[in-house]
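S.K.: Sequence:
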Amino acid sequence: MPHFTSYDATVLHHRALGPDDSGLPPLVCLAGGPGRDAAYLGDLAGLAEQRQLLIPDSRGTGASPPAADPSRYAFPHLAEDLEALRAHLGLDRFALLAHDAATATAQAYAAAYPTRLTRLLLIAPSPHLQGEFPDDTRDIITSRSNEPWWPEASAALRRLAESPTPAEAHALLLSAAPLAYGRWEAPQQTHAAAEAEQLHPVPRAAFWQGVDEPARQTLLAGLREVTCPVLVMTGGRDAVAGVRAGELVAASFPDGRTHRLPEAGHYPWVDEPARFRQAVEEFLHTP
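Here my numbering is used: the first residue of the sequence shown is 1, the next is one more, and so on.
It is worth saying that the hints were derived from the structure and are not from the lab. Note that the structure is predicted; figures quoted are calculated from it, not measured. Take the hints with a grain of salt, since some may be wrong.
To be verified - Each pair of labels, with its calculated beta carbon distance range:
{"id": "1", "residue 1": "257", "residue 2": "46", "range": "44 to 52 Å"}
{"id": "2", "residue 1": "218", "residue 2": "196", "range": "34 to 42 Å"}
{"id": "3", "residue 1": "118", "residue 2": "88", "range": "17 to 25 Å"}
{"id": "4", "residue 1": "210", "residue 2": "90", "range": "39 to 47 Å"}
{"id": "5", "residue 1": "196", "residue 2": "68", "range": "24 to 32 Å"}
{"id": "6", "residue 1": "11", "residue 2": "194", "range": "20 to 28 Å"}
{"id": "7", "residue 1": "143", "residue 2": "169", "range": "24 to 32 Å"}
{"id": "8", "residue 1": "118", "residue 2": "160", "range": "34 to 42 Å"}
{"id": "9", "residue 1": "208", "residue 2": "65", "range": "16 to 24 Å"}
{"id": "10", "residue 1": "168", "residue 2": "205", "range": "13 to 21 Å"}
{"id": "11", "residue 1": "49", "residue 2": "221", "range": "32 to 40 Å"}
{"id": "12", "residue 1": "169", "residue 2": "5", "range": "33 to 41 Å"}
Cβ coordinates follow ideal geometry from the N, Cα and C atoms, glycine included.
Make the full structure from the sequences, and use the hints.
M.R.: The following block contains the structure:
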């Protein structure tokens, strides 16, 4: 498996999917979680058929070793791992896609290296860095109340908020999983069933640590210096991140725009693969 050495001499791994002779520039893809194996991204609805996808294994996931120092799991440090990967690959500039929590890593990278990106795609982001947490997810959850799985899923969601044991949390995650998808059919059920085994025992709370208010404001100021086009994609049925969050994130960039897939949830490449792929490819090909 390809590997590279990061800023602290740690050897990290990444995967390459798709052709390396397509004539199209590669797309670097960051998995969220935090601490979830990047396997859940799959081939992102067939994006790997047209171009090479470069997918790093974040520290403590996939083939990358865990960090001895928990502070190395904080998203600004993970952004430095990304810079080490860029240098290893010999890319002067590159396109970056990030999902879920990894959108914070991507924003930290963009703020620190605003000229390194040609395109930035943020899929189902949280507005954690923007400091505002809209509650449109409650309306999304309520709007699904007529579906047969809803009573069990909503009960599991309430129990998850009560800090269950790790063993109980795995079962609850699967029970609540329909709320993360636009529909609950075979592809979604298969994708959700793999989540428990993809969650690695890393200190997830460390992901958000080490960024105080002055550092957050500095990061937000850095986003105003990002000149590349930024696309923030949201799902109209995303009960995890909602839609309004994406609008707040997009507004942080000079050239930020949003694209909403009304029938998609938190994993739009699973719910609406054709529309997801079309939106991404159109954005990557925009002059």
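S.K.: State for each hint whether it applies.
M.R.: Verification of the hints:
no., hint, result
1, 257 x 46: 44 to 52 Å, "violated, 23 Å"
2, 218 x 196: 34 to 42 Å, "holds, 37 Å"
3, 118 x 88: 17 to 25 Å, "holds, 18 Å"
4, 210 x 90: 39 to 47 Å, "violated, 30 Å"
5, 196 x 68: 24 to 32 Å, "holds, 26 Å"
6, 11 x 194: 20 to 28 Å, "holds, 26 Å"
7, 143 x 169: 24 to 32 Å, "holds, 25 Å"
8, 118 x 160: 34 to 42 Å, "holds, 38 Å"
9, 208 x 65: 16 to 24 Å, "holds, 22 Å"
10, 168 x 205: 13 to 21 Å, "holds, 19 Å"
11, 49 x 221: 32 to 40 Å, "holds, 39 Å"
12, 169 x 5: 33 to 41 Å, "holds, 35 Å"
The structure does not agree with the numbered hints 1 and 4 stated previously, though it agrees with the rest.
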